[in-house]
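What follows is each chain in one-letter form.
There are 4 protein chains.
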Amino acid sequence: MSKITVAEFQEIAAKQLPFAVNFGFAVTALEPGKAWARAPYHQDFLRPGGTIAGPVLMGLADFALYGAVLSLIGRVELAVTTSLNINFLRRPPPGDVVAEARILKLGKRLAVGEVNLMQDGSDELIAHVTSTYSIPPQAE
Amino acid sequence: MSKITVAEFQEIAAKQLPFAVNFGFAVTALEPGKAWARAPYHQDFLRPGGTIAGPVLMGLADFALYGAVLSLIGRVELAVTTSLNINFLRRPPPGDVVAEARILKLGKRLAVGEVNLMQDGSDELIAHVTSTYSIPPQAE
Amino acid sequence: MSKITVAEFQEIAAKQLPFAVNFGFAVTALEPGKAWARAPYHQDFLRPGGTIAGPVLMGLADFALYGAVLSLIGRVELAVTTSLNINFLRRPPPGDVVAEARILKLGKRLAVGEVNLMQDGSDELIAHVTSTYSIPPQAE
Amino acid sequence: MSKITVAEFQEIAAKQLPFAVNFGFAVTALEPGKAWARAPYHQDFLRPGGTIAGPVLMGLADFALYGAVLSLIGRVELAVTTSLNINFLRRPPPGDVVAEARILKLGKRLAVGEVNLMQDGSDELIAHVTSTYSIPPQAE
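Chains as they are written, first to last, in the working numbering: chain A, 183 to 322; chain B, 183 to 322; chain C, 183 to 322; chain D, 183 to 322.
Excised from the complex, chain A in its bound form (with noise of 0.2 Å):
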């Protein structure tokens, strides 16, 4: 069972990421080491070529991962990001974005995940992060 709810997860980001407020993401579904997330689509999204701007889907996988850590070491809420890498495999036009993350690796000190972005409704990625979580001492 995920160490966190969706609720749980959903309290941090209202109080604590108001980023990830700001562009109305929401951690969907979490289970041990997976994570779905959600932006719904606004038009503050795009980017010249009428596609979804790069940091909506940067900042969307990395809010997705984040559910995917504290699903398997609970509200350790100073889990932070040592990297990151994205590849863009399609423009993505005007919708609702949707996230899948999994943990490939939980170790003591770092995590390393993987997430999905595609299209609502969609099978086919626009996206695809790579992405490791340094895990403070004082949670292990």
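Source of the hints: derived by calculation from the structure; they are not laboratory data.
Keep in mind that a hint or two might mislead.
The list treats identical chains as one, so a pair stands whether inside a single copy or across any two.
[Claimed, not checked] Straight-line distance between alpha carbons at most 25 Å, and here's what the computed SDA-like set of lysine to any residue pairs gives:
| no. | residue 1 | residue 2 |
| --- | --- | --- |
| 1 | K216 | L286 |
| 2 | K185 | G256 |
| 3 | K290 | L260 |
| 4 | K287 | G206 |
| 5 | K287 | G232 |
Using the hints provided, position chains B, C and D relative to the given structure of chain A.
Coordinates of chains B, C and D only, in the frame set by chain A:
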């Protein structure tokens, strides 16, 4: 000389990069292959632990590198990020963040660049980014 | 069906990829957009601590992904890697290493893929790679 | 002053990094947080198209950064790479390759560095690497 002025770049941002407007990002100087950008501190930048959230830094780096790309190819708004890699080096306390972007290689189809992120007034890196932009064929 | 056979791929490797020959790398199966490769263990793979050196894993991943790219575009030998990102997840003890590569996106100019690296006989990832290949214009 | 000499580093390589010996890699200079390395050209470096294969460049970058890490923490052989990101910028024709590695941040648990790869005698980058090393607790 840069193929785009700071004013022209800021006009693109104002009209077509709403996330950058919302974050308050501004390009402050452009030279051929180089761009400087700034994120004036706002409390919405924070994450748990009272430091600046990773997505703010990723967004600023991407924004600065967009400026560095356009400094070389002119107003080709459809240049898009194809990949981005960030290493977070120090947890940034509240304060303005500055970005220095430079192009490492401009090819016909891809531009690769590097961005250093620092707190304003400090030389210490808080994050380091490498990223690739795809240049549309019409720009060649 | 793969646009290149295992025998054809191994012939390219034998004639034109001496580092892969020296390491003993072999592609063992190809499907459209997928490749499987193997590195039979040799003591020259080791690094301090008695585990397998990172460059061996990076080389195997790059080799496997080259197979996956050619499975889709045929014998376009001038397809070249433009970027590679690897996360090392577990220190691999001596033993054969296997790689599973798959293409996430094939565009006209770029192919992006993912490679899972495991010890032979295990499902546990020892490393995870994402990488981009540039496809020469004559291949379009 | 570097906490390890070039001779000591080359001794580790000679005894415990057979792939580096096979490739002919050598560290040529060390300063605190910096290392210079060289790969004397050998025809086994080639790939289709007559340029130097990516894995040779990745191996040389990793080797150089290992030197830069040990220059700061001394003979801690169990420092291991946890991630590496490379962008290939120009196709390198046959010839010696040199690497300049420098540490961007040394923390208690992680060191992050950057490596520039060039052809000998040229200032033009052929590849750019960022990478993270994990430092074992006994080294702290």
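Checked against the structure, which of the hints given earlier come out wrong? 4
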